[in-house]
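Colleague: One-letter residues, chain by chain:
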Amino acid sequence: MAATASMTCQELVELVTDYLLGALAPGERERFEAHLEECEGCRIYVDQMRRTVSAVGALREDDVEPEARDALLGVFRDWKRSSRIP
Amino acid sequence: MEECERLADRALGAAGTSEHFVLMVAHLARGRALVRRSDAAGARAELDRAVRLARRGAGRIETAAALLARSQLPGGEGAALRAEAEALIGGCRDPGPVVVAPIAARRRVAADDDLSERELAVLRMLETDMSLRDAAAALYISRNTIKTHVRSIYRKLGVQEREEAVAAARARGML
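Heads up: the protein sequence lines correspond to chains A and B, in order. Be aware that the first sequence starts at 1, since it is given in this note's numbering, and climbs by one per residue. Be aware that the second sequence starts at 1, since it is given in this note's numbering, and climbs by one per residue.
Accuracy of the hints is not assured; some may be wrong.
Stated by the list, open to error - Non-contacting residues of chain B with respect to chain A, defined by C-beta distances greater than 12 Å in every case (computed):
hint, residue
1, 12
2, 13
3, 80
4, 94
5, 120
6, 121
7, 125
8, 135
9, 151
10, 154
11, 160
12, 163
13, 165
Said to hold, decoys possible - If you only want the chain B side, here are some residues facing chain A, beta carbon under 8 Å, derived:
hint, residue
14, 10
15, 130
16, 147
17, 150
Unchecked claim - Facing chain A, according to a computed beta carbon distance under 8 Å, are these residues of chain B, among others:
hint, residue
18, 124
19, 127
20, 131
21, 132
Since the hints were made in silico from the structure, they are not lab data. Glycine is no exception: its CB is placed at the ideal position from the N, C-alpha and C atoms.
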């Protein structure tokens, strides 16, 4: 299967931020893009990440409604609590 | 600023065409006012005169202030004037805001596109075909830290991609 010869989905997910940053090593980038050619799921994933990065990057603190900010901080607090090892 | 210009004009009016070095202060004030008015040619004439008069015997700080003001204008030996000013005030423990601010501003500009030691180390990794993960491990830093370095390298070099960063750094003699 060509997809596994280029890169697995898991490897791609681990490298997505490096890819969006434009920092993949030359060979690595080719394998990354070869995988994208063949895998629709990863194409969608990378596209979502790209949109997220650009939306979040364009936000300033004032752009976020106070309610939204509180809700978001609440989610982070709970997330930390729930992921803590007992 | 109008007040400042009026005072400078009055001082120069009273002195006539005197070439006394004390008048450098008035020329300096006028020159700086003209810089703010974006009158580069007028500012240059005033500041050139301020520098010329200052060199005849004004104090170190006043002379350095004139040199620095002149060095910020295009044309002329900006770097040489700045070096002369820095040499003049090198021994002063507290040169005061008039000369410290322009020097600090200049350093900030320089620091803005100079790469730090750490960034240079990351840059040398980008030149290889190492992955970011391996480069981070080799430098004993986390993957998030190396990404932060990469982002600031790209910002300073004005690039978006690894190959561009390497090419830009080579062009500037950083690699």
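Colleague: All the hints need checking, so say for each whether the structure fits it.
Modeller: Against the structure, the hints come out as follows:
1. 12: Holds, because the least Cβ-Cβ distance between residue 12 of chain B and chain A comes to about 48 Å, which exceeds 12 Å.
2. 13: Consistent with the label, residue 13 of chain B stays out of reach of chain A, its closest Cβ about 51 Å off (over 12 Å).
3. 80: holds (39 Å)
4. 94: Holds, since 38 Å exceeds 12 Å.
5. 120: Holds: least Cβ distance 16 Å, greater than 12 Å.
6. 121: holds (15 Å)
7. 125: violated (10 Å)
8. 135: The assertion about residue 135 of chain B is violated, with a minimum of 9 Å to chain A.
9. 151: violated (7 Å)
10. 154: violated (7 Å)
11. 160: violated (5 Å)
12. 163: The claim is violated: residue 163 of chain B sits with its nearest Cβ about 7 Å from chain A, within 12 Å.
13. 165: violated (8 Å)
14. 10: violated (47 Å)
15. 130: Because about 6 Å separates residue 130 of chain B from the closest Cβ in chain A, which is inside the 8 Å limit, the hint holds.
16. 147: Status holds, d = 6 Å.
17. 150: Since chain A brings a Cβ to about 5 Å from residue 150 of chain B, closer than 8 Å, the hint holds.
18. 124: violated (14 Å)
19. 127: violated (10 Å)
20. 131: holds (5 Å)
21. 132: With a closest approach of 5 Å, the residue 132 of chain B hint holds.
The structure does not agree with the numbered hints 7, 8, 9, 10, 11, 12, 13, 14, 18, 19 stated previously, though it agrees with the rest.
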